[in-house]
Amino acid sequence: MSVGTSYRLDPAVVTEELTVGYRLGHGRRRAVLEGLNLELHPRELVCVLGPNGCGKSSLLRTVAGLLPALGGRVLLGSTPIDAFDRNELARRLAVVLTDRIDPGFLTVLELVSLGRFPYTAWNGRLEEPDRRAVAEALAALGLSEFGERRIAELSDGEQQKAMIARAVAQRPRVLVLDEPTAYLDLPSRVEILQLLRERVTETAEAVLLSTHELELALRLADRLWLIDEHGGVECGLPEELVLNGAIGRAFARDELQFDLETASFRPTRPARGTVALVGDGIATLWTARALERVGFAVRVASSLGPPHTAEAALVEVYDDPTTPSGAAWRVRRTPAEAGADTRRVAADTHRCATLDQVLRTIETGRTGPADGSHAV
Amino acid sequence: MAHALKAVPFILPAGIALVAAMLASLGFGSVPIPIPEVLRALLDPSAVEPGVRVIVRVIRMPRMIAAVSAGAALALSGLQMQTLFRNPLAGPFTLGISSGAGLGVAVVVLAAGTGGVLGTLAEGFGGYGPYALVVAATAGAAAVLLAILAVARRMAEITTILILGILFGYAANAITTALLQIAEPQQIQSYITWSFGSFAGVTWTQLGAFLPLAAVGILLSVRLMKPLNALLLGERYAETLGMSVRRNRYAIIVTTALLAGATTAFCGPIAFIGIAVPHLCRFALRSSDHRVLIPACAVTGALVAVLSDLISRLPGHDVTLPLNAVTAMLGAPVVVLVIVRRGRAHGRFSSGAVR
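Those sequence lines, one after another, are chains B and P.
Under the working numbering, think of the first position of the first sequence as 1, with each following residue one higher.
Under the working numbering, think of the first position of the second sequence as 1, with each following residue one higher.
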């Protein structure tokens with residue numbers, strides 16, 4: 001074992017030449033993903049990323065033993081997944097699906113207690129270890145006070161936490177979650193992924209989840225399984241997949257491009273022109289976003305940086321405690337002016353107290369006093 | 001144990017009410033017998049007149065016991081169907097069990113007196129007497145059950161099984177209707193009387209067959225409470241919890257068919273108890289946990305059946321109402337209530353979630 005991997009435990013899940021797909025009956029099959037050799041290690045949170053319809057859910061369902069593999073196999077530890085009977089499997093692997101449940105009068109405690117199903121006797125009665133596992137699962141998801149609440153009365157985020165607590169109560173070695181953050185508002189999405197992140201560091205569990213939250217996944221995942229449009233799967237550190245361009249390729253669309261600096265996608269449209277932005281700090285960042293949104297390519301230069309190219313429009317950002325945002329702007333040259341006279345830099349700098357004024361000045365194309373009100 | 005305790009405040013009063021109703025059922029009728037006399041006839045038969053003894057012990061008691069068993073059986077089978085199909089309107093007869101039984105009865109009723117193999121068979125059982133009807137209903141229910149199991153075997157979606165069950169029911173009803181069209185008025189009359197449902201015709205001898213069947217069905221229901229709870233999350237989740245969906249689906253269907261089929265064979269197709277009582281128990285206990293619902297449904301089902309039978313006898317009058325008319329009058333409001341409340345709950349849901 002090499003030094004670089006010596007900190008790792010034996011893999012919790014291994015796929016060997018796995019083919020994921022569906023049997024259509026009459027011997028016909030439709031493979032979605034083929035020849036996958038992937039590993040999931042204990043203490044790791046792995047996010048499965050990929051465009052819609054690429055086979056994320058099918059892959060997860062195959063790993064969870066819910067969908068038989070078309071070829072190859074899934075090993076849980078060192079045992080093929082289909083060698084376990086259902087009950088043994090449920091003690092090792094727990095699943096949170098996207099299925100909506102009809103909770104009736106179920107309470108949080110009753111729901112989470114169902115996670116003990118593979119351990120309890122025929123009558124489902126909880127013994128001491130079961131009760132302890134349920135209490136710990138509730139605590140891990142911050143639901144200790146919610147035990148007697150009915151599932152139907154909870155918010156979507158709380159319902160999802162209860163479903164995860166139920167899976168955690170199964171005391172699995174592997175936790176598989178299919179889009180656990182779908183339908184949730186942003187704070188709940190962050191909270192749930194954060195909770196799962198802490199979970200893997202506190203226990204030896206491995207967590208495998210699919211998500212559309214690219215930015216969150218890049219921040220939280222130990223490793224990504226990245227599926228591209230053609231059914232190829234790349235496995236690696238998030239940062240690595242960003243740097244080698246795999247992320248950008250996987251989500252490539254004509255109208256979208258991946259921005260390496262902000263780890264987000266932005267529309268690719270022909271720029272209306274280039275704006276050189278001089279300044280630093282938060283105000284500069286948001287000025288750049290506003291200018292990009294209305295269709296300009298932005299080049300940011302520190303105020304101490306080299307002189308800016310004359311073909312670009314020029315906006316300066318500087319601190320000004322008298323404005324609500326604590327910043328003010330000088331539009332030194334508009335795109336129109338930059339095109340007309342590449343040498344011109346407005347001498348009477350056009351001061352703007354709000355971003356709105358900056359954008360309007362840029363749009364009207366003149367740095368000269370438009371109505372005199374905000375000229376200095 | 002906490003779960004069992006939760007049910008006590010409901011099951012204890014229901015149990016007391018059931019005992020009271022059972023005694024009342026032995027006392028009321030065309031010849032009213034005071035309760036102390038009923039008790040004496042039960043505990044010390046030699047102390048009462050032979051007439052009273054016969055009325056209480058031979059005529060009314062089998063009827064009362066049939067009502068208790070049938071009520072419990074129907075409520076339990078309804079509960080399991082509602083959970084299995086995740087559908088509040090499912091009931092003991094959703095899979096067409098009663099329609100199959102009805103077809104069997106219609107065939108025997110028609111065949112009686114017409115000669116031929118079936119006719120001879122029916123005559124052999126005493127015309128369209130009690131045994132012929134029981135055997136016919138059992139055969140019809142079993143035929144539908146086998147068809148359903150053949151479908152369930154192929155691991156179809158549970159909704160598919162539900163739809164096919166309903167369609168099997170329609171098909172059986174259609175054949176029954178066609179058969180009745182060519183029947184004599186007297187034959188139609190005996191079919192209709194059967195279809196009203198009644199505990200009156202059940203004898204001690206029949207109870208000898210009915211009670212063991214119902215007891216087996218009730219025991220199987222108790223054994224199924226853990227998988228039934230897992231099914232509250234849907235079949236896919238139940239599978240990830242380690243439950244064998246196929247095996248438990250079979251077990252639930254067979255148990256339900258046993259309970260509903262035996263009841264229908266001996267008492268006719270009794271409506272509404274199987275649909276309404278599980279809802280009644282869920283709302284009274286505010287629980288979906290089968291560990292409390294199964295005992296609660298058994299007791300409440302028995303209570304509702306005995307009460308319905310009492311009401312159908314219209315104490316103080318000579319007329320009797322069809323049992324199904326009474327159960328429908330008692331059950332329909334419960335079902336309406338459930339639908340209204342569910343509608344409200346879903347309204348709250350959809351406004352809370354954006355999707």
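Hints may contain errors.
Computed spacing ranges between beta-carbons, pair by pair [what the hints assert, rightly or not]: (1) B:Leu186 to P:Ala20: 58 to 64 angstroms; (2) B:Ile282 to P:Arg236: 42 to 48 angstroms; (3) P:Ser244 to B:Val190: 36 to 42 angstroms; (4) P:Leu146 to B:Ser144: 31 to 37 angstroms; (5) B:Glu88 to P:Pro322: 40 to 46 angstroms; (6) P:Leu146 to B:Arg125: 31 to 37 angstroms; (7) B:Pro80 to P:Ala171: 43 to 49 angstroms; (8) B:Glu153 to P:Pro13: 47 to 53 angstroms.
Partial chain B-side listing against chain P, Cβ under 8 angstroms, derived [claimed, not checked]: (9) Leu70; (10) Ala90; (11) Leu359.
Honestly, the hints are just simulated from the structure, not real lab data.
A virtual CB, placed ideally from N, CA and C, is assigned to each residue, including glycine.
Results of checking the hints against the structure:
Here the CB-CB span from B:Leu186 to P:Ala20 is close to 59 angstroms, well matched to the stated 58 to 64 angstroms. Against the hinted window of 42 to 48 angstroms, the Cβ-Cβ separation of B:Ile282 and P:Arg236 comes to about 47 angstroms, which satisfies the hint. At about 38 angstroms, the beta-carbon gap between P:Ser244 and B:Val190 stays in the expected band of 36 to 42 angstroms. Hint check: P:Leu146 to B:Ser144, Cβ distance near 50 angstroms, so the stated range 31 to 37 angstroms is violated.
Here the CB-CB span from B:Glu88 to P:Pro322 is close to 54 angstroms, at odds with the stated 40 to 46 angstroms. Roughly 35 angstroms separates the CB atoms of P:Leu146 and B:Arg125, a value that falls within the hinted 31 to 37 angstroms. At roughly 45 angstroms, the beta-carbon separation of B:Pro80 and P:Ala171 lies within the given 43 to 49 angstroms, and the hint holds. Hint check: B:Glu153 to P:Pro13, Cβ distance near 27 angstroms, so the stated range 47 to 53 angstroms is violated.
For B:Leu70, the interface hint is violated, since its Cβ never comes within 8 angstroms of a Cβ in chain P; the closest pair sits about 18 angstroms apart. Because the smallest distance between the Cβ of B:Ala90 and any Cβ of chain P comes to about 3 angstroms, under 8 angstroms, the interface hint for this residue holds. With a cut of 8 angstroms, the hint placing B:Leu359 at the interface with chain P is violated, because the nearest CB-to-CB distance is about 31 angstroms.
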